Every structure is written in C-alpha cells, then in structure tokens.
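*Asks:* Same order as they appear, the protein sequences are chains E and B.
For the first sequence, our numbering begins at 10 and goes up steadily by one.
For the second sequence, our numbering begins at 751 and goes up steadily by one.
Honestly, the hints are just simulated from the structure, not real lab data.
Keep in mind that the hints are not guaranteed to be accurate.
Distance condition first, Cα-Cα at most 27 Å in a straight line; then the derived DSSO-like pairs of lysine-lysine [as the list claims (entries may be wrong)]:
#1 B:K843 x B:K772
#2 B:K970 x B:K992
#3 B:K837 x B:K904
#4 B:K977 x E:K74
#5 B:K904 x B:K788
#6 B:K847 x E:K59
#7 B:K970 x E:K64
#8 B:K970 x B:K788
#9 E:K59 x B:K992
#10 E:K59 x B:K837
#11 B:K977 x B:K992
#12 B:K843 x E:K60
#13 B:K992 x B:K772
#14 B:K837 x E:K60
#15 B:K843 x E:K64
#16 E:K59 x E:K74
#17 E:K74 x E:K64
#18 B:K992 x E:K60
#19 B:K772 x B:K970
#20 B:K772 x B:K788
#21 E:K69 x E:K59
#22 B:K837 x B:K847
Keep in mind it's a predicted model, so treat the numbers as computed, not measured.
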Amino acid sequence: MENELKQLIIDTLDLEDLSVEDIDSHAALFNDGLGLDSIDALELGLAIRKKYNVKIEAEKEDVVKIFASVSSLAQFIQATQS
Amino acid sequence: MRAVEFVVQEWNAWAPGTDSHKAWQEWLGHQIFDQSVKSVSPTLVSKQLLRRLSPLGRAVFKATENFSDSDRSKPIVFSSAHGEVNKSLEMLKNMHKADEVSPTAFSLSVHNAIAGLFSIANNNHQEITVLASGQDGIAPAFLEALGLLQEHHKEVLMILYDEPLSDFYPSLPFALNAPAICALVLKVSLTGNGTPLRFCRSVATREDGEHALQIFAFLKFLVSDDKALELGNHRHSWEWRKI
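So here's chain B without its partners, still in its complex pose (with noise of 0.2 Å):
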C-alpha cells in the first residue's frame, strides 16, 4: 500500500479524570488515572437514551461533546477490540444462574450497540460502520475511514474505544487489556486544518499490544512532540508521520 495523506482536523478523547488536550497532555508525565471517576454524564442526551448508556458508552457521547452537530451526523468509523463484552459476560453469569436475559441488556450486548445509540441521540443517517480489530489494532480504523475519504466523503468521524475486561477473562499472555476506560475522538479529512499525517504499512515487526492499548499509544503520539507513530502486532504493522 502506498503511503496515504491525511488530516486530523480536529480530536478529543475522554478516560476517568482526563478529559481535555492540557489533561492528556499532563498525562503524558504521569500516565495514571483516576480511577475513583467510574462514569461520565454526557449532557447532550435525553434521559431516555441515557438510562440506556453503559459507563463506556457514556464515554464515548462525553469524548464527542466537544464537535459540532453537524460532525456527528457525519460518516462515522466506531472501532473497538471489545466493546461491551461486559455485558455479555453478565448476560452469561445470570444464565449460568438460571435467571432469565434482560431484553434490554441483550439488546445492548452486540457490537454496535453504541452506534446504534449514537446515530439515535444524533439523528445520523450517514454511513456507519463498527470495526472489532483486537489483533490488529487501530489501523483498520484507519483504512476504513481513509476509504470513506477516497469515496467523496469529505470528513470522517472516527472513536476508538475500550474498556477494561472482567477479571474473569485470563488476558495474559496477549496485550489486550485497557488500563482505564477511554474515548478518542478523531474528525479526519484529506485536507484542511489540522494535524497533517502520513499513514504507511511499515516493515518492523512490533509487539505493541492490542486495540485497547493502541488507542494509548496514538493518544501519546497526539499531544507530545513525537514525529512518528509506529504500531504492530506480530503480524502486519503501520506507521503514522507526522507531516
């Protein structure tokens, strides 16, 4: 693949106690959260929907405040390794117990469970598509976004986000597992204003984690001076320069 140009006009993320460009940006001395911040009220929804929002689907509406009406109607790439498997793990626990699934938390267990949320409380009938690449990280976030680009879209919402697993999943070995919960936020273009990146396959072979840990990484590469990005897997890995 060649090498593809692109802007991030505009970005914002939301984790436990960090929720503003200077707070990620102080994050980068210290890199702990506030762990004692469980959940977030995103105001821009009605009560109705709200009831309906797991701490992580509150994140994600919280890390989208910032943006305009009209940048959440636009086409959006929702990217997460897990979404809300939580969920699903208590859906499983109540069965094992023999109780019988909420509807509601059946309902709110699939994938794009926050998307559908999201383009409700929104009113966003734009192309929407939510990505589960564990394995492979945020890239083919970004693949797809850039995709909706080259097809005369001119701007792209893009959240990658994720949650940390229940204990009850063994993750080690595999780097998969978010430290907090966290919400990035991205409005990307093919040109505009903004932060200008290139985004290339690169040939190293890297173990930097999986989604969850991805979605750090890139944070980091956001609010300090780093020029270049490089993130894999084992299998195929990416860079994004700084332009």
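Bound conformation, chain E alone (with noise of 0.2 Å):
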C-alpha cells in the first residue's frame, strides 16, 4: 500500500526525477520534507479519492495528521475502507 501511494504521488505531482524509494513512508510530505505545497495536497486528495474511492473531508478530519507522511496516508486510507 504504502509504495502504491508513493508511486501515486509521484506519477500525480509530476515528481518525474524521484522513485518510489527515495521517498521515506515516515518523512515529512509537505514543507520540509518532499516540500509539497497546498496545490498538491488538493491534487493528491482528489487522486486518492479517485484511485481509493476516500474522501478526505477538510472539515472532518485533521487533514494534517492525515497528509503527514505516505504512512499515516496509508493508515488512513486503509481506515476508512474497511
């Protein structure tokens, strides 16, 4: 899951020079880390929610624990589905 959300971001965010292992499931998506910015965050949301069929709701959830890392993405995607 957590390389199949990586390859998604990836292919997503136009990060055409990274591969799914330069990219640490527990390092930060935004800012300091792979320094996504909010365009991305609504990209990738919109991406998840086609790909997963999970809505990331900015006023329900803490959409910023949620978008942390590809790891707590992941839990979170794999929460919601079941």
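Assembly of the complex is requested from the two constituent chains, each provided in isolation within its own frame, with the hints serving as guidance.
*Replies:* Now the structure itself:
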C-alpha cells in the first residue's frame, strides 16, 4: 500500500526525478520533507478519491495529521476502507 | 499622445531553435523555427517549480536567464494574448468527459500564472502587471512599462510571450496565431546605454495582426537595420523609431 501510494504521489504530482525508493514512508510530505505545497495536497486528495474512493474532508478530518507522511496517509485510507 | 523616448538596454528571446541574438539574426533570413523542439529546460529554477511550468512558461523562464538576478527582481510587465488558454481547453475537455478538473491545472490556467511562478522563483516583490491585449497588440505593454518608468522606477522588464493556439479554435479570419512558442524579454529605461527608441501614435490604419504576430515583428525590428516599425490592427497604430 505504501509503495503504491508513493507511485501515485510521483505520478500525480509530476515528481519525475523521484522513485519510490527515494520517498521515506515516515518523512514529512509537505514543507521540509518532499517540499509539497497546498496545491499538491488538493491534487493528491483528488487522486486518492479517484483511486481508493476515499474522501478526505477538510472540515471533519485532521488533514494535517493524515497528510503528514506516506505512512499516515496509508493508515487513514486502510482504516476508512475497512 | 506626444512621443516618448526610451532605451532598450538589453533584450533576449527564446523560440524553438532560436535562442540567441545571433540565431535571431539568422532567423531574419529564413524565418523558420525548429518545430522538433517541443520544450526547453530552464536551469535557474527549482525542480519543485519546474514541474509546474508549461512549455510556454519554460520559454519565459529560459528567455530571462541571460539577465542578472537583480534584473529579474525589477518591476515587470508581462504581456500575452492567449496566455495558458491551451491549458483551459484541456480542462474543458476533461469536464466534457465528466472527469474532474485537476486543482493544479486550474491554478496554473489563469492569465497571471506564469508571472506568479516567476515572482516566486525570483523572490520578486515588485509591481508586476500581466496584460492580455490581443487585438491591440504589443503597444499596451510599452505604455504600461513607460508609465512605470515615469513613476520613478529606473528600469522595467517587459516579457512578451505567446504560443500557437490549439486547432480547436478557429482563428481565421483573424491574424492572431503565433507560428511558434516565443518569449521576448526587454529591459527598458528612460536613459542609459542600449538601443534608444522613440514611441508614438501613428495615424496609419494597419493590419499587422494581433499580439502573437506582433512579437515577431518587433524581433525583426530589433535585429534588422530597419529604422522604424509601425504596428496596428485596424484600431490604433503605433510607431517605434530608432534614434
């Protein structure tokens, strides 16, 4: 799941020079880590909704926590699906 | 309007296969572009921003690379007839297919998208204007830049850019379609070294086409020995004269 998410991040956000191995599951996705920004968050949210049919609702969920890392994102998707 | 004199201190332009003063001089002879070149990679931009740049945005960034960091931090007048309209067309096509619109594509489709990315990349906090003066051609960009110079800005950067429109848009009978992606950058001031020009209204009624075509006419004027350039598109006409 985590590797699949990493590939989705790379493809969706045009991070062509990165590979799955380059992304640490526990590293920060935004700001310091991968350096993603708020537009990337929207784009990723859309891609996750399309692929996993999981909607991340900004009003209800703790978005910062969910988007913290690949690991936290994977946990949220799996928990919502099951 | 009385004539205004100003100086083009430096200029540079990028089009496919044509990316130096020498190449533009050669272009004068054949006026063709290397259409096999689809895009260019600017070097002075982070990878995080580079992925957001369309071929048109890349042309703009590339054309400014010969300028100094401080030049890229000056007030800028951007001018483009169509901007990223091809991006908007792609989004409309996706909507037509009932697909969802990409937030990234949407945010980068607005007319000041390239200017915004440019200001981020160059940490430019100066006054930046983005014009869309299709029918009126490139003259409004000069009026805007000269206005900034009159308001005590010593030097202003002008960036004129356009790309060919998708076949989806029937451009005929209007002369508005660029033959190739092109970005022209001019550093202008009221005094100083460079090419001094006198700019004024012309009474002639002319049909020189819209903004995208006038960029090339101005480039021809810059690299040739022509003393004057008149440009108009049915409405107002303007004259640039080397002095």
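*Asks:* Taking the hints in turn, state whether each one holds.
*Replies:* Here is how each hint holds up against the structure:
1. B:K843 x B:K772: violated (41 Å)
2. B:K970 x B:K992: With Cα atoms ~13 Å apart, B:K970 and B:K992 stay inside 27 Å; holds.
3. B:K837 x B:K904: violated (35 Å)
4. B:K977 x E:K74: Measuring from Cα to Cα gives roughly 65 Å; hence the hint is violated.
5. B:K904 x B:K788: Answer violated: B:K904 to B:K788 is near 36 Å, above 27 Å.
6. B:K847 x E:K59: holds (15 Å)
7. B:K970 x E:K64: Violated, at about 54 Å.
8. B:K970 x B:K788: holds (23 Å)
9. E:K59 x B:K992: violated (58 Å)
10. E:K59 x B:K837: The given pair, whose Cα atoms are some 21 Å apart, holds under the 27 Å limit.
11. B:K977 x B:K992: Holds, because 5 Å separates the two Cα atoms, which is no more than 27 Å.
12. B:K843 x E:K60: holds (21 Å)
13. B:K992 x B:K772: Status holds; Cα separation ~20 Å.
14. B:K837 x E:K60: holds (24 Å)
15. B:K843 x E:K64: This hinted pair holds, its Cα atoms lying about 24 Å apart.
16. E:K59 x E:K74: holds (21 Å)
17. E:K74 x E:K64: Distance ~15 Å between E:K74 and E:K64 Cα, so the pair holds.
18. B:K992 x E:K60: It is violated: about 60 Å lies between the C-alpha atoms, which goes past 27 Å.
19. B:K772 x B:K970: holds (12 Å)
20. B:K772 x B:K788: holds (21 Å)
21. E:K69 x E:K59: It holds: about 19 Å lies between the C-alpha atoms, which stays within 27 Å.
22. B:K837 x B:K847: holds (16 Å)
Hint check: violations occur at hints 1, 3, 4, 5, 7, 9 and 18; the rest are consistent with the structure.
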